[in-house]
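Using the sequences and the accompanying hints, generate a full structural model.
As you go down the protein sequences, you meet chains D and X in turn. The opening residue of the first sequence carries number 12 in the working numbering; numbering runs sequentially from there. The opening residue of the second sequence carries number 12 in the working numbering; numbering runs sequentially from there.
The set of hints was computed from the structure by calculation and includes no laboratory data. Hints are supplied without guarantee of correctness; some may be wrong.
One copy or any two copies: either way a pair holds, since identical chains are not told apart in the list.
Stated by the list, open to error - Pairs of lysine to any residue residues, derived as SDA-like cross-links and limited to a Cα-Cα distance of at most 20 Å, are as follows:
{"id": "1", "residue 1": "LYS157", "residue 2": "HIS86"}
{"id": "2", "residue 1": "LYS75", "residue 2": "ASP31"}
{"id": "3", "residue 1": "LYS131", "residue 2": "GLN100"}
{"id": "4", "residue 1": "LYS89", "residue 2": "ARG134"}
{"id": "5", "residue 1": "LYS75", "residue 2": "ARG32"}
{"id": "6", "residue 1": "LYS157", "residue 2": "GLU142"}
{"id": "7", "residue 1": "LYS75", "residue 2": "SER119"}
{"id": "8", "residue 1": "LYS75", "residue 2": "ASP139"}
{"id": "9", "residue 1": "LYS75", "residue 2": "LYS157"}
{"id": "10", "residue 1": "LYS75", "residue 2": "ARG114"}
{"id": "11", "residue 1": "LYS70", "residue 2": "GLU142"}
{"id": "12", "residue 1": "LYS87", "residue 2": "HIS48"}
{"id": "13", "residue 1": "LYS55", "residue 2": "SER18"}
{"id": "14", "residue 1": "LYS175", "residue 2": "SER18"}
{"id": "15", "residue 1": "LYS55", "residue 2": "GLY19"}
{"id": "16", "residue 1": "LYS70", "residue 2": "ARG114"}
{"id": "17", "residue 1": "LYS70", "residue 2": "ASP83"}
{"id": "18", "residue 1": "LYS75", "residue 2": "PRO117"}
{"id": "19", "residue 1": "LYS55", "residue 2": "ARG17"}
{"id": "20", "residue 1": "LYS87", "residue 2": "TRP137"}
{"id": "21", "residue 1": "LYS89", "residue 2": "HIS48"}
{"id": "22", "residue 1": "LYS87", "residue 2": "LEU116"}
{"id": "23", "residue 1": "LYS89", "residue 2": "THR165"}
{"id": "24", "residue 1": "LYS131", "residue 2": "GLU120"}
2 protein chains.
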Amino acid sequence: MDEAHRSGCPINLTLEVLGDRWSLIVIRDIMFGNRRHFRELLQKSDEGIASNILADRLKRLVEKGLLYREDDPSHKQKTIYSLTEMAIQLVPLLAEMGAWGRRFLPVSEELAIRAELLEKGGRPLWEDFMEELRVLHLHGEPDPSKPSVFERLTAAYQEVLARKQAAAAE
Amino acid sequence: MDEAHRSGCPINLTLEVLGDRWSLIVIRDIMFGNRRHFRELLQKSDEGIASNILADRLKRLVEKGLLYREDDPSHKQKTIYSLTEMAIQLVPLLAEMGAWGRRFLPVSEELAIRAELLEKGGRPLWEDFMEELRVLHLHGEPDPSKPSVFERLTAAYQEVLARKQAAAAE
DNA sequence: ATTAACCAGTTGCAAAATACAAGCAGTTGA
DNA sequence: TCAACTGCTTGTATTTTGCAACTGGTTAAT
Chain D
12 MDEAHRSGCP INLTLEVLGD RWSLIVIRDI MFGNRRHFRE LLQKSDEGIA SNILADRLKR
72 LVEKGLLYRE DDPSHKQKTI YSLTEMAIQL VPLLAEMGAW GRRFLPVSEE LAIRAELLEK
132 GGRPLWEDFM EELRVLHLHG EPDPSKPSVF ERLTAAYQEV LARKQAAAAE
Chain X
12 MDEAHRSGCP INLTLEVLGD RWSLIVIRDI MFGNRRHFRE LLQKSDEGIA SNILADRLKR
72 LVEKGLLYRE DDPSHKQKTI YSLTEMAIQL VPLLAEMGAW GRRFLPVSEE LAIRAELLEK
132 GGRPLWEDFM EELRVLHLHG EPDPSKPSVF ERLTAAYQEV LARKQAAAAE
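Written as structure tokens, this is what we have:
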């Protein structure tokens, strides 16, 4: 199970886990898109991951401790994938990736809005979001007293998308 | 030159540039190890990159705008690779990667000390470090009035390494 | 002037990872 | 009863990676 590592450098070890073109895409979709089932991840991904690659990445991420796999009690064939604490703590990393990409790469407006909000909110917002993810993925008991960061991010995305579509329809 | 992108998502676009097992290793060695020549990157890398992969990554990173390649005036065959502003702004991302790796993966003590200092210093330290990198890679005029973050990181690494070697020698 | 060490890569080949399309046994809801 | 859906698997073609040897040229010491 324990493969040989190239080195004990923190950056290298992180790359050995996440340094490929799909692992973080899968985590992003579970985290920001709340996609919890295989077919959701397969079909609703903007990037179009192949089913065998998705299966392999889910297996790897479960083995590495980033995802937790369990049966869906409501449907004998469904499987639920959840983030572990290890994956939830990738929020700052993903926020930085989004911020950097937005600064230097040709991002699309509607997909960049979440990255913009995360960057502007800074670490306090990331902490709130991580706490929500813990509720959603680790406990399952939502706290209704706080406005949801997840919903704010999703709403902002929907809004930009709707605005763009309205503009395109004219 | 412009390949088709999988999507306009900032995280996806960042992964299309950096989402492999070597690109960020190369940038890390230039950034934290001040390795500026091909042979330095090839031989002093803890991970042992192959020469053809290194050549390919350097070419790609120059094409993507993360590195700048120029002849070394002191030696007709030497080439100097420098970080561009785009790469310098990866400092927060690399700091988060280091922090996450240190928390969850089996890092070695001497290689983790830099990540620890960067995490504890937080964004203000990152800004100082980025400013030093700009001097080192973009202008070439050091500012002697400030204590160097680069030197602090390097000294901390040397110290831990020396301590470990002394302990091992007993 | 010779020569050994050094320079940034390149070449050829095997192995591994990735991508694409089709298919599977079982489950569910109409 | 049956069409749609469930999480995958299989087979095959293509691309990427890894390893080792090698290249044409430069430099520094003898």
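Tell me the numbers of any earlier hints that the structure contravenes, in ascending order. 1, 4, 8, 9, 11, 16, 20, 22 and 23
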